[in-house]
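Student: Could you build all of it, start to finish, from the sequences and the hints given here?
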Amino acid sequence: MIPNDMTIFVNGVESSSLDQADSLIRAVIISLFTWRRANPDDVTEGAKMGYWGDAAEPPAENDKIGSRLWLLAREKILPSTFNRAREYATEALLWMIADGVATKVTVDAERFNVDGLALIVTIYRVDGSDVVLRFNKAWEIIRAV
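What the sequence shown shows, in the numbering used here, is residues 445 to 589, in sequence order.
Honestly, I wouldn't trust all of these hints.
[Said to hold, decoys possible] Derived DSSO-like pairs (lysine-lysine); straight-line CA-CA distance at most 27 Å:
# : residue 1 : residue 2
1 : LYS581    : LYS548
2 : LYS508    : LYS548
3 : LYS581    : LYS520
4 : LYS508    : LYS581
[Unchecked claim] Label-pair restraints from in silico Cβ distances:
#  : residue 1 : residue 2 : range
5  : ALA542    : ASP574    : 12 to 22 Å
6  : ALA482    : SER573    : 28 to 38 Å
7  : GLU519    : SER573    : 26 to 36 Å
8  : VAL487    : VAL570    : 32 to 42 Å
9  : PRO484    : SER573    : 34 to 44 Å
10 : ALA542    : GLY572    : 12 to 22 Å
11 : GLY572    : THR534    : 13 to 23 Å
12 : SER573    : GLY490    : 41 to 51 Å
13 : PRO484    : ASP571    : 34 to 44 Å
14 : PRO523    : GLU584    : 13 to 23 Å
15 : ASN527    : ASN557    : 13 to 23 Å
Simulated from the structure, these hints should not be mistaken for laboratory data. This one's a predicted model, so the numbers in the text were calculated from it and none came from an experiment. Every residue gets a Cβ at the ideal spot worked out from N, C-alpha and C, and that includes glycine.
Tutor: Written out as structure tokens, the structure is:
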């Protein structure tokens, strides 16, 4: 669960109230931090997890909620972990392009402090504007710390 006091940066400005976040920001948070079901070839320790709503037949093939970031919870912070975080976050946000919310989505993953990982998401809206979201405590959320 995402704490209501989670601090994110929107276009470089700190924002700690999800109540005041616009629907695009909420959609990004849900997409990144809801657990998507693991793929058949993903290595897991037990259950494949996943959002319960995906058990119902989705309206479109491969239309799933969430990300596989949770698979990184037991990983060490290595370059390969950053690469997978970037891959999983991008995968979780591709629906925005398919649904016409954005023309492009980019994700970067970088070290935050000594033992953390930050995600930087840029959403290029169809109206030509872009929104940059920075989640400094992504590692804490992924690991449910």
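Student: Each hint: holds or not?
Tutor: We went through each hint and held it up to the structure:
With a CA separation close to 24 Å, the supplied pair LYS581 and LYS548 stays within the 27 Å bound. Among the hinted pairs, LYS508 with LYS548 is consistent with the structure: their alpha-carbon atoms are about 19 Å apart, no more than 27 Å. A distance of roughly 16 Å separates the Cα atoms of LYS581 and LYS520; the hinted pair therefore holds under the 27 Å criterion. Taking the CA atoms of LYS508 and LYS581, the gap is near 24 Å; set against the 27 Å cutoff, the hint holds.
In this structure the supplied range 12 to 22 Å holds for ALA542 paired with ASP574, their Cβ-Cβ distance being about 18 Å. In this structure, ALA482 and SER573 meet the distance hint of 28 to 38 Å, their C-beta atoms being roughly 35 Å apart. Here the CB-CB span from GLU519 to SER573 is close to 35 Å, well matched to the stated 26 to 36 Å. For the hinted restraint 32 to 42 Å between VAL487 and VAL570, the CB-CB distance of approximately 37 Å keeps it satisfied.
Under the hint 34 to 44 Å, the C-beta atoms of PRO484 and SER573, about 38 Å apart, fit the expected range. Checked against the hint of 12 to 22 Å, the C-beta distance between ALA542 and GLY572 comes to roughly 19 Å, which is consistent with it. Under the hint 13 to 23 Å, the C-beta atoms of GLY572 and THR534, about 21 Å apart, fit the expected range. At roughly 43 Å, the beta-carbon separation of SER573 and GLY490 lies within the given 41 to 51 Å, and the hint holds.
At roughly 38 Å, the beta carbons of PRO484 and ASP571 sit within the given window of 34 to 44 Å. As the Cβ distance of PRO523 to GLU584 is approximately 20 Å, the hint placing it in 13 to 23 Å holds. In this structure the hint that ASN527 and ASN557 lie 13 to 23 Å apart at CB holds, the actual value being about 20 Å.
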